[in-house]
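*Asks:* Residue numbers (full-length UniProt numbering), protein chains in the order written: chain X, 1 to 248; chain B, 1 to 248.
Note that these hints are calculated values from the structure, not bench results. Take the hints with a grain of salt, since some may be wrong.
No distinction is drawn between identical chains; accordingly, a pair holds when it is met within one copy or between any pair of copies.
Claimed, not checked - Capping the alpha-carbon separation at 16 Å, the derived lysine to aspartate or glutamate pairs in EDC-like fashion look like this:
| no. | residue 1 | residue 2 |
| --- | --- | --- |
| 1 | K62 | E144 |
| 2 | K232 | D218 |
| 3 | K237 | E58 |
| 4 | K198 | E179 |
| 5 | K16 | E32 |
| 6 | K57 | E144 |
| 7 | K98 | D53 |
| 8 | K209 | D171 |
Protein chains: 2
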Amino acid sequence: MNETVQLLLNHRSVRKLKDEPLSPDVIRTLVEAAQMASTSSFVQAYSIMGITDRPKKEALAKLAGNQPYVAENGHFFVFCADFHRHIQAGEMEQTEVKPAVESAEKMIVAVTDAALAAQNCSIAAESMGLGICYIGGLRNNIAEVSNLLQLPNYVIPLFGLAVGVPEADPDRKPRLPVEGVYFENVYPDAEVHAEQLKAYNDTISAYYKERTGGSRSDRWTEQVSGLLKDVKRPHMKQFLEDKGYNRH
Amino acid sequence: MNETVQLLLNHRSVRKLKDEPLSPDVIRTLVEAAQMASTSSFVQAYSIMGITDRPKKEALAKLAGNQPYVAENGHFFVFCADFHRHIQAGEMEQTEVKPAVESAEKMIVAVTDAALAAQNCSIAAESMGLGICYIGGLRNNIAEVSNLLQLPNYVIPLFGLAVGVPEADPDRKPRLPVEGVYFENVYPDAEVHAEQLKAYNDTISAYYKERTGGSRSDRWTEQVSGLLKDVKRPHMKQFLEDKGYNRH
């Protein structure tokens, strides 16, 4: 197994990072690595914000639900879906591109493009011995985040990425069994899923038991049901439409 | 610069792959690498289909707009947004999770999760000397693709990923300038974008001129305007809603 595969298999999210800025060279390399990810039809439909301003980082940490590692880290990125520059490109070429950009299809494109880039950035960081943590909590108060970063229409702050020297070494969390996620040729029926979910519940219960000396033994199905019993971030659909995405 | 960063910076999509199946061990490692990507609140909201059945691969190649590398490759994956197993988890736990799953927020979660996993899979493949190419063309006829793979509600085939031994060595395509994609603290105004777009147009024109002995000299703004002048895949919004996504 080569070094890169080992690195990928060894991932864990790190929620305690040294509060010491990364060098501009490192940041540039991370952005360049992000940019080399595949992009749908070469549209490159994303932007990457880097937050270095201390009050802004503190404000983001608060907006993300008081997550201290949003403020305390080596660097904080915000990955954005971005068709703003394509609207501008259309103006330069006297072409009306808004109807296409405003389609649900192009939202899928932009979210995918941004995520592929972010994952390259994460892996580059981890290959340098840095720790990373994605921050979906930015969507808790997405309009406020958008205002704080002065994002115009056609730019959506999707998630943050905290990067820095790790100050914790969390456990590697076991994923769903391969047989519960990967299927050949035909999607399996409910019984197959039920079997995999039960096996996985045992794995996850054992994982928590071992970590907590027996005080926690959550099932995965219990965790995700708890997480999904309430509608979170009900503002997302309206926000997307307001910003020019997902309109038709 | 370490080996992994070099690998990331050296990416190119390969559209000619050897038609020789990858070994089950390699496929398993690629899936395991995919699974270790970060996932929002540990929901793991995706599935990975592997297509080994020849007639199915041929059918997908046709549905994707006659792209031969969908059928001819070492392995063909389809990455799907998937909250189907969470609905099942909810049933196991007597919890109603559909209202949350059907929100636009959870569509963003599932698309992001699937893309992060796919990018890990791609990087693992490239680290083994394999070539990869993402196939967004599956969304051209997404309902037919969904039927072919017998995907139930709450499963969306987002894109394919062809993997295999490369039979071509395409050029590395220059991305937007770092200064046109990465911004610190504040999103820049239109003049900054215009400047970056002009510089990038020169880069891309030079790239095509050199590759074609002068017969092509497309500007990037011209390419993306051409691509975005028509609404493509206008069925996406309805399809997403029909399958239980993006409803509110």
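*Asks:* Which numbered hints are broken by the structure, listed smallest first?
*Replies:* 2, 3, 5, 7
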